[in-house]
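Each chain is listed here by its residues.
Protein chains: 6
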Amino acid sequence: MTEVIVGAARRAAGPGVEIVGRTSAFGAASIEGHYDEALSAVGVLKAVAEGEAQGCDAHVLACFGDPGLLAAREIATGPVIGIAEAAFRAASFVSTHFSVVTTLTRTKVIAEHLALVYGAERACRRVRAVDVAVLELDDPASNTRGLLVAECRRALEEDHVGALVLGCAGMADLAEDLSREFGAPVIDGVGAAVKFAEALVSLGLKTSKYGDLAHPLPKARTPF
Amino acid sequence: MTEVIVGAARRAAGPGVEIVGRTSAFGAASIEGHYDEALSAVGVLKAVAEGEAQGCDAHVLACFGDPGLLAAREIATGPVIGIAEAAFRAASFVSTHFSVVTTLTRTKVIAEHLALVYGAERACRRVRAVDVAVLELDDPASNTRGLLVAECRRALEEDHVGALVLGCAGMADLAEDLSREFGAPVIDGVGAAVKFAEALVSLGLKTSKYGDLAHPLPKARTPF
Amino acid sequence: MTEVIVGAARRAAGPGVEIVGRTSAFGAASIEGHYDEALSAVGVLKAVAEGEAQGCDAHVLACFGDPGLLAAREIATGPVIGIAEAAFRAASFVSTHFSVVTTLTRTKVIAEHLALVYGAERACRRVRAVDVAVLELDDPASNTRGLLVAECRRALEEDHVGALVLGCAGMADLAEDLSREFGAPVIDGVGAAVKFAEALVSLGLKTSKYGDLAHPLPKARTPF
Amino acid sequence: MTEVIVGAARRAAGPGVEIVGRTSAFGAASIEGHYDEALSAVGVLKAVAEGEAQGCDAHVLACFGDPGLLAAREIATGPVIGIAEAAFRAASFVSTHFSVVTTLTRTKVIAEHLALVYGAERACRRVRAVDVAVLELDDPASNTRGLLVAECRRALEEDHVGALVLGCAGMADLAEDLSREFGAPVIDGVGAAVKFAEALVSLGLKTSKYGDLAHPLPKARTPF
Amino acid sequence: MTEVIVGAARRAAGPGVEIVGRTSAFGAASIEGHYDEALSAVGVLKAVAEGEAQGCDAHVLACFGDPGLLAAREIATGPVIGIAEAAFRAASFVSTHFSVVTTLTRTKVIAEHLALVYGAERACRRVRAVDVAVLELDDPASNTRGLLVAECRRALEEDHVGALVLGCAGMADLAEDLSREFGAPVIDGVGAAVKFAEALVSLGLKTSKYGDLAHPLPKARTPF
Amino acid sequence: MTEVIVGAARRAAGPGVEIVGRTSAFGAASIEGHYDEALSAVGVLKAVAEGEAQGCDAHVLACFGDPGLLAAREIATGPVIGIAEAAFRAASFVSTHFSVVTTLTRTKVIAEHLALVYGAERACRRVRAVDVAVLELDDPASNTRGLLVAECRRALEEDHVGALVLGCAGMADLAEDLSREFGAPVIDGVGAAVKFAEALVSLGLKTSKYGDLAHPLPKARTPF
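Protein chains in written order, with the numbering used here: chain A, 402 to 625; chain B, 402 to 625; chain C, 402 to 625; chain D, 402 to 625; chain E, 402 to 625; chain F, 402 to 625.
Read the hints as simulated data drawn from the structure, not as lab findings. Among the hints, a few may not be true.
Identical chains share a label here; the pair holds if one copy fits it or two copies do between them.
The list that follows gives simulated cross-link-like pairs (lysine-lysine, DSBU-like), each with its CA atoms no further than 30 Å apart [as the list claims (entries may be wrong)]: (1) 509 to 610; (2) 447 to 620; (3) 447 to 607; (4) 620 to 509.
Small disclaimer: the values here were computed from a predicted structure and weren't measured.
The shape of chain A in the complex, shown without the other chains (with noise of 0.2 Å):
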C-alpha cells in the first residue's frame, strides 16, 4: 500500500520535488477504528520527526484519519497536511457540497468528526461505506472497484452533491478513472495534499510557531 501511496503522490509531485515515502514504524497494520488511530499516530509522530531530521520541507499524512495531525503540526517546522483535509479542501474548491466513500461502516464516524473539525459539515453531505477492508482494498476478489463505483453512483444520484472524496489512501490509484467514469470530480487526498504542501512551501508559509503549534515543551517523554 505505501507502493501506491508513494506512486500517487511522485505522479502528483511537481519537478524538482522530491517525495520520501515512509511506511509507519508504529501502530497498526492498517487503520480501521479509533484505538488504530491513537496507534498510529505515534507512527506519523516518528516518521515527522524522521522527516524533519532529514530536512523535508513539507509533511503529508497519508491516511484519511489524519492521525496525529496537530501532534505533528507541532514538531513540524515546514506545513503538515492530512489527506482528508487536503481532499476536503480541494473538493469544496471544484464544488459547493460532497460525499465522502471509505471503506468500513465503523470508520464513518471518523470522517463525520473530521468534517466538523475541518468546518466541512454542512459541505460534506454524508460519509458512505463500501464496507471492504483497507487491507483488502487491493484483493481482485473483494471488487473494491465495482463497490466504489456502484456506491459513487448512488452518493451522485442521492447525496446532491457535486464531487466526490475517496476516503482511504489505498484507492488513490482509482480517482482518475472513476473521475472519468462519473464526468464529475473524484477526489483522492494523497495527490491533493502534496499539491497543497508544494503551494504552501512555495508561499514560504510555514506551520506557525506562534500559539498552540509552537514546538513542544522539553521535558520527559517515553523514546519511541
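We have chain A; now place chains B, C, D, E and F onto it with these hints.
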C-alpha cells in the same frame, strides 16, 4: 501527581469500590499540547488494557484532554470516562453555563475542541489559563492557588457563568476549597468521572459494542 | 405509571437512598405536546417545592420532556435532573451516537429541542416514534413492546448509532429487556437520572445559586 | 404595566383592529427568571383560551421570554406571536446584526436561549442588561431611561450591530424615543408583534394544525 | 410572470397601499442558478434605485433567491424584504418546521444557503424541487400544479413539518389553493413580503443606516 | 491596485504559468460594502468569461469578498478561487485559528459571512478593521502599514490565534514583511489563490459540472 489524583478518586469512590491507580507507562511527563496528548494516548491504552485484564469494571482517564478516549472505549468492556467529559457533564447538571480554568494558554484549544466534541460549545462560555506548567502546580513558588483564585474570580465576574471547571487533574484537591471560597460549584473532573463511572456500572451500562466502539479488528499492531 | 417509574427509580437507587415518588398534582394526565408540558411544569414545581420542604437532597423529573427543569433548579438547593438529560448523557458515555424512540410523532420535536439545548444535536442522530399514546403503553392491546422492538431495530440498522434512548418514563421497565434483545445499550432515563443525582450529591455538588439559577426573587405569585 | 403594553399595542394596531388586553391571571407579578416564566406560561394559556373563546383572530404574548409560545399555538386557531420573536424578526429585516438590552442580568440566558431557538444566534450579537427590576422600570428613581441610553450606546459602540431590541414589554414606550436619540432602529416587540399578527391574519395564515401544533389531545387536565 | 407577481402583491396589499411593479431591466429572463442570480442582482438594484427616486416606502424583491438583498438595503431608506426571507419568517410564525418546494434541483443549494443565512437551517427541514423551469411554470404542458401537489404531499408525509414554502415567485397564485388542498399552510413569499413591509413601514422602522447597511460610500461606479 | 495584485500573483506563480491580469470593467472603483460587491460581481463574470474565451486554465478572484464566486464557477471550465477562500484555507493549513484584518469596519460582516459559508466560523476568531479606505491603502498619508502592524499585534495578543489573514487584495505586498515582523504567518490571499489554482490544475481537477455549478441554462440575458 498520580497520588493526588488517586487520592481524589478514592475520596469520591463509594463503599466497596476499589480504585486502581496507574501512571501512564508511555508518553510525556505531563500533557501540555497536542504532541504530548498523542503520545500519552498510547500510555492510556496500555493502562486500560491492563485494567481490562485485571477485570476492572470501568476506566477513568485522569488527564483533562481525555487522550485516547474513543480508542480506549474500543478495547474496554465497561464504561470509559474522561475527566473533561465528566466535568463538563457535572457542570451542565448544576448550571446553565460554565467556564474552564486550565494550566497553559497553549492547551486552551484542546479544551475548546473537547467542548465542541462533547456538545458543550454553548454551555462552555470560555476557556481560561493561569499559565502554570502542570509539573509546577504543586510547587509553592508557582502560587497556583492564588492565580487560580484570581482567574476564577474573573471568570465569575466576566463570563456570565454559574460554575467553573478546573482544567487539570493536578488541581483535583483544590476544587472543594475554591467552591467554598466562591459559593459556586468549582468542579474537579476526577471525582465526577469516578462517580459517573460508578453510576453507569450500577445501571449495567457498558460501552456499546454495536458500531464504531466495537472491539478493534484483529490485525498486526506494534506491541507496546 | 407513577408506580412503574418509582419502581425503576428504586431498583436503580443505591443503598441508603430513599426514593420519594410524587405524582404531579397539576397538569395533564400524560404529556404529549407543548401544551401538556407547559401545564405540567407547574405540577413539577409543586412537587419539587414539596421535596425541598421535606429535605430531599436531589430531584428527578420523570417525564422525558424535562418540563420546568430550569425553573425547578431555581427553587432547589440540591441537583435537579431531567430524565431526557440523564438519558442523553448516559448514551454519550457509552456510544458516540444514539437515537431516541418515543411515543407519539407529535412529541418528536420536543426531544429534538432538548437535544439542541443539551448540546446533543450531533450525538442524537434521529428521534423516532412508535405512535402509542402514553396512557396506552401498558395496555397489552397496544403491542408497545412489539412496536418498540421493531422501531429500535430500524434505528440500529438505519441510523448509524451505538445506543438507543427510550423517550418516555413509562417505558422504564423495558430498557433492560431490550438491551439484552439487541446487545446494545437501550437506555431508560429514570434509572440514569437517579444514579447521576446520587453521584452529584455524593460529590457535594448542588445547583449553582450564582447566576440565573439563583432562588427566585421575592414577589407576588399565584398560589398553586 | 398592562396599560403601557396595551397602549403600545393600540398605537401599532391598524384601522379596524381591536386590541383586547389581558393581564395574566396565573403566574408571577413580573417575569425575571425561569421560575417566573414557567408559572406565567399557565397564565398565558388561560388568556389565550379566553381569547379563542372570544373569537380573537390572533394572540400576542407580551412578555419578552415568550412564555408558553408553542403551547399557546396548540390551543389557538389563528397566529400566536411572542414579542421577543417579533422583535428579533423585525431587527433582522432592517439590520444584519442586533443586540438586546434587557432588565436583569439573570434573565440574559432566557434571551440567549430564544435567540438560539429562533435561529438568531448569529444575528443577535449580545444580550445586555441594565439591572433594573421589571416592576421598577416605571419608577423614576430607577433611572431606567438613563441606564437604557447608556447601555444602548455601549451596544452600538462595541457590538458591531445596526439595531437594538428592547428586552422587556415594559420598555415599549421608550423605543421610539431611543430610535430618535441614536438614529438607529431601537425595536419594541409589542408593536412588532401586533403588526406581524395583523399581516398573518390578512394573509389568511393560521397556526398549522398539521403536526406538533395540532390541538392538544383530549385528556384529563387540572382546571386552571 | 411580473403580472402574476404584481397581482399577488396587490391582493395582499392593505387599503391605501400602492404597489409599483417593476420587471428587472438587467439580468436573466429567469433565475435558475448562481449566475442568473448574480446578474439579476444588478437589475434589482436598478429597480430599487428607481423606487427610491419615486419615493417608495419599502421594496419587495420578488425572486426567491433574494438576489442583492443586502446591497439593496444599502441604497434604500425604508425596509427591503426578500420573498424567501418573508416566506421563511411567515412559516416560522405558524409552524415549528417547514420544507421548501422550488423549481429546479440545481437551485436547491440557493434556498439552503438562504436558510443558513436567515438562521432557518434547523426550521427548514428540506428543500425539494419539482424540476419545472421557471418559464414553464405557467405552461399547462408542464403540469406544474400536479407536480407541486405530489411534492408537497411527499414533504408533509416524510419531512415532519407543519408548513410548506413555495420556492418561486411564479408559484404565488397557487399557495391559497394548495393550502386548502392540504389543510396546512402553504406559503407564498410575495404576499408575506408585502405584508411584512407594510408592518415595518407602519412601525416607522427603516433600514438601519448605522453600520454595514449605511448608504454606499461615494465613488466611481459603472452606470447601469 | 491591479498592478500590485498582478505583481503578487506573478511572484507566486510557478514556472511556465502565465498570469493574465484583468481590471473589472463593470462595478465600483473599490469594494467596500454589499452594494459595491453586487455590482462588481458582474465585472468579475465579464472577466471570467473573457478568460474562458482566452483558454485560461483557472481563475482567481482578487477581491477579498470573493464576489460572484459561485456564479463564476458556473461559467468556468477550470477551477475558480476567491482570495478570501484561499487565505482561509492557507491559514487553516498552518494554524488552528486565525483572525482577519481588513480595511473598513463596514466590510467586517462580509468577511464574517464568508467565514460562515466556507465553514471557517470557528477557525476564524475575529475580523478586525484598520479603517483605511481601499483606495487610500497606497497613500502614505493613510499610514496603512503602521495601522496594520498595530491591529495585527492586537490580534496576536488578544485573539488567541496562530495566523493572520490580510483582508484586502490591496495589502498583498505587505504580507511577507508582516510575517517577518511578527514571526507568525500573515497571509495574503492573492498568492495563496494562485498556488491553489495551480495545484488543482495540476491535479486535473476542474469545477464540477455535475449539479449546481453546471453551465448556466441557455436563456435570454442582458448583454454586459
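Alpha-carbon proximity context of residue 447 and residue 620, limit 30 Å: both (17 Å within a copy, 21 Å between copies)
Status of residue 607 relative to residue 447 across identical chains (alpha carbons, at most 30 Å): within (20 Å within a copy, 34 Å between copies)
Within a copy, between copies, both or neither: where do residue 509 and residue 610 come within 30 Å Cα-Cα? So residue 509 and residue 610 pass the 30 Å test across copies only (16 Å; inside, 32 Å).
Given a CA cutoff of 30 Å, do residue 620 and residue 509 count as a within-copy pair, a between-copy pair, both, or neither? Between copies only: 19 Å across chains, 36 Å inside a chain, cut-off 30 Å.
Checked against the numbered hints above, the structure violates none of them.
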